[in-house]
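Protein chains in written order, with the working numbering: chain X, 1 to 254; chain L, 1001 to 1254; chain B, 2001 to 2254; chain Y, 3001 to 3254.
If you are wondering where the hints come from, they were derived from the structure by calculation, not from laboratory data. Even for Gly, the Cβ is constructed at its ideal location relative to N, Cα and C. Among the clues, some could well be false.
Claimed, not checked - Covered stretches of chain X, going by a simulated chain L footprint (3 or more residues, C-beta under 8 Å):
| id | region |
| --- | --- |
| 1 | 132-146 |
| 2 | 179-186 |
Claimed, not checked - Listed next, the in silico DSS-like pairs over lysine-lysine satisfying Cα-Cα at most 25 Å (straight line):
| id | chain 1 | residue 1 | chain 2 | residue 2 |
| --- | --- | --- | --- | --- |
| 3 | B | K2214 | L | K1110 |
| 4 | Y | K3214 | Y | K3017 |
| 5 | X | K110 | Y | K3110 |
To be verified - Just the calculated beta-carbon pair ranges, DEER-fashion:
| id | chain 1 | residue 1 | chain 2 | residue 2 | range |
| --- | --- | --- | --- | --- | --- |
| 6 | B | D2088 | X | S154 | 43 to 51 Å |
| 7 | B | R2228 | X | E40 | 21 to 29 Å |
| 8 | B | A2127 | Y | P3004 | 29 to 37 Å |
Number of protein chains: 4
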Amino acid sequence: MTRPIRVLVWGENHHEKHDEIVQRHYPDTMHGTIAAGLRELLGESAVVETATLDDEEHGLSEERLARTDVLLWWGHMLHDAVEDAVVDRVREHVLGGMGLVALHSAHFSKIFIRLMGTTCSLRWRQADDRELVWTVAPTHPIAEGVPQPIVIPSQEMYGEFFDVPTPDDLVFVSGFSGGEVFRSGMTFSRGHGRIFYFSPGDQDYPVYHDAGVKRVLSNAVRWAHQDRERVAPRIGMYRENDFHTAREWDGSPL
Amino acid sequence: MTRPIRVLVWGENHHEKHDEIVQRHYPDTMHGTIAAGLRELLGESAVVETATLDDEEHGLSEERLARTDVLLWWGHMLHDAVEDAVVDRVREHVLGGMGLVALHSAHFSKIFIRLMGTTCSLRWRQADDRELVWTVAPTHPIAEGVPQPIVIPSQEMYGEFFDVPTPDDLVFVSGFSGGEVFRSGMTFSRGHGRIFYFSPGDQDYPVYHDAGVKRVLSNAVRWAHQDRERVAPRIGMYRENDFHTAREWDGSPL
Amino acid sequence: MTRPIRVLVWGENHHEKHDEIVQRHYPDTMHGTIAAGLRELLGESAVVETATLDDEEHGLSEERLARTDVLLWWGHMLHDAVEDAVVDRVREHVLGGMGLVALHSAHFSKIFIRLMGTTCSLRWRQADDRELVWTVAPTHPIAEGVPQPIVIPSQEMYGEFFDVPTPDDLVFVSGFSGGEVFRSGMTFSRGHGRIFYFSPGDQDYPVYHDAGVKRVLSNAVRWAHQDRERVAPRIGMYRENDFHTAREWDGSPL
Amino acid sequence: MTRPIRVLVWGENHHEKHDEIVQRHYPDTMHGTIAAGLRELLGESAVVETATLDDEEHGLSEERLARTDVLLWWGHMLHDAVEDAVVDRVREHVLGGMGLVALHSAHFSKIFIRLMGTTCSLRWRQADDRELVWTVAPTHPIAEGVPQPIVIPSQEMYGEFFDVPTPDDLVFVSGFSGGEVFRSGMTFSRGHGRIFYFSPGDQDYPVYHDAGVKRVLSNAVRWAHQDRERVAPRIGMYRENDFHTAREWDGSPL
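Full structure from sequences and hints, please.
And the structure:
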């Protein structure tokens, strides 16, 4: 009856080509592994595809985005290689209602910074910290069925202050063995779109194979999905008692 | 020119009478030490007094509350010994605009639970964890001049899920050496009053001597203070175009 | 596959017995009309029952609440007639994960005040204002498919300041022809439960027949429903590295 | 003892040169009038200057911003005439801790859109609506001493949906005689800076002469001001147990 959620997992696909550790953890690439996890948990309720930086228009053509309900984004070393025109296009679709799930180092992606308006900077350390992901909003749909806590034996440390706007919902907070903490799961609304940021998932650790992390991502896809016309909010003049006809300055209907 | 902030530090004063460790850390009592820290940092901008459970009406008479701008509350073992009539009175003053700073185990005080509406439960462990208190809202007045992080060498662990309503502002998040995290500094508005909860401060550790903690508490007093008439919001009927005359059901002015 | 949401619409059932206007607008009672609207929109995805103040234990026995996923509450003149034991029981179920939708004058119900912790007071006027209900959070599930604005030709005015805690989400804001505004749709989390307050719906106007209002309430039921074990958060001591065994003070498992 | 707050009121200064109505309402220009209002209420606690689009570098040189604590921004027709380099510079200062108060049609200024990340679109009507500005957060410092409501006899209508991120604090909500509502006073944090948006203030009405509006703006200046080093958050690598030395990728101190 309801059609499946159309999901697109975007990966930078750089480490997969150059780093042996990444190849060992992710023989099917990082985006491929993330996509497989979503297929496993969402089953027939979703159709999951992948795209990478290497594809034409980075696999993010207007036509492709128009038939994407939720976009997941993993990038790290090559943020600058993403073309501005593509970033503008993705932003327009998010404002129009496409869901966006920004993963780990995507905190520094062009699209995430554009949508946040801040530096999106943080503190970090590559040192095999144990990360515990704690649910602080147990009523949130993204936390449903997620272990308390998710235990990630080895991870890059991401710590506060994380310079993002106050989120709509703070769902997860992580603690690292070095003592740092991080708001690791946060939701934001921008225009008509729902955004979820989730920090676990460095390329050097097999985080996307973790059952709890897979549960978070599949919950996030369901949460970020909306069944609505893809159109961003826009300015309109409205005459008194006509609440439905948006007009130009001169009174002509938009 | 502006009169000093009138501060009242309320202490249960139980451990001070019975526990040797507490006596060693706090020869001047816990509430006395907290008060001294406020006097040190607030100087002439505040007048700081103390009251305890042992005082008549727990030192919280109507008259006393009426001349209190900000009340700090530390309690632990004897929450149930606080009389309901006093709790009602304190609540009325908070709703009327008195600031409240709830400290550590005051999460389970009658007054805090009443104002939150939740169970205020949490996870805990008495095991000498190191607590790091991280600022996640650097623009908040309570975080001004506070070290990033505050390092507390030994503390009781308080961990999530902490069952309180979503705060107005999440100012501090703590990480413990055992891996747990805690939303350790949060603000709430209730009626006309401002409330700040701050978790560091167990009786078995000399936390209230810490310079960073003293800074947080003095900032919190300044933040929680308002110069306003002490009156709680109340229902009123208003005739059309008369926005200022609150009336009873029958139209008579309140 | 998934079982239907079990919904219980609770009505005070007082005006229905005494006021001719109410009887004319709601020949099937107010709670009966609300229930019918939910059945119309939720279809087989929900089983909707009703209960009233007149029923034994107000129709809210432990057994009844245990098999209720979402409770809607309409009360007005007889808030005080609701027994405290029943209020305690409902609160426990909300904290344990039962959804609660508080309607209109339920802002002054015992259960709502207990869960909010504030006075829940507001300004009001019984004077045939037109109420426009505007969506200010178009990405929120409760706003899905809701007209912008909902036009309610005649309604009691509810105006600010509405003394409730800052909501998790502000979904709707109403404007009245007299010029007042009201945060008319707000969500709150308390314990493991989701709460939605929605203000349109005075007994003297046929508001619950409105298609937009029906849509809001059916969305709210879906949103407030959770598939989880009914248990409120509770305090627990946890040993280091054992994140899953909640214990008593003395170390014995809970 | 504490030095005065250094305030800069920035005006587009276009209508003042071309529109007779504006000249009649604001013989001293709009920015001049806003500045005079601030001087009246802040007295010796602030030094208030003005700058306009016409000035070299729009009056917003690096040196000028470096000695500005709070910047107020009014623009309307000539948003596009503001040079991108100046917008970048202002953004950097806001992220570094400079306060920003965005006024009315500044919702569509380059700087506001950059900091919000959304379209910042809204509905509007130029039709002499009466605007009532209601305080919904009476404990907020910006609401202190502000009339409930502020009555503005004639104003341009700004209505929802206003496409901005969820604010940190919703302080004011306006109702218009046409029935529309608007979140007219909101705070946002970005980086180390505090931002306040306040919508009353169209060029065609003498809004900035209103005592209540002047009170809001002077409160906002006090609230937005911070005494801190002007530096934006930036990424840093931190070694374990060294929480204070930010480092580059290679370990060298920043």
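Checked hints:
| no. | hint | result |
| --- | --- | --- |
| 1 | 132-146 | holds (count 6) |
| 2 | 179-186 | holds (count 4) |
| 3 | B:K2214 x L:K1110 | violated (39 Å) |
| 4 | Y:K3214 x Y:K3017 | holds (24 Å) |
| 5 | X:K110 x Y:K3110 | holds (18 Å) |
| 6 | B:D2088 x X:S154: 43 to 51 Å | holds (47 Å) |
| 7 | B:R2228 x X:E40: 21 to 29 Å | holds (22 Å) |
| 8 | B:A2127 x Y:P3004: 29 to 37 Å | violated (49 Å) |
The structure shown violates the earlier hints numbered 3 and 8.
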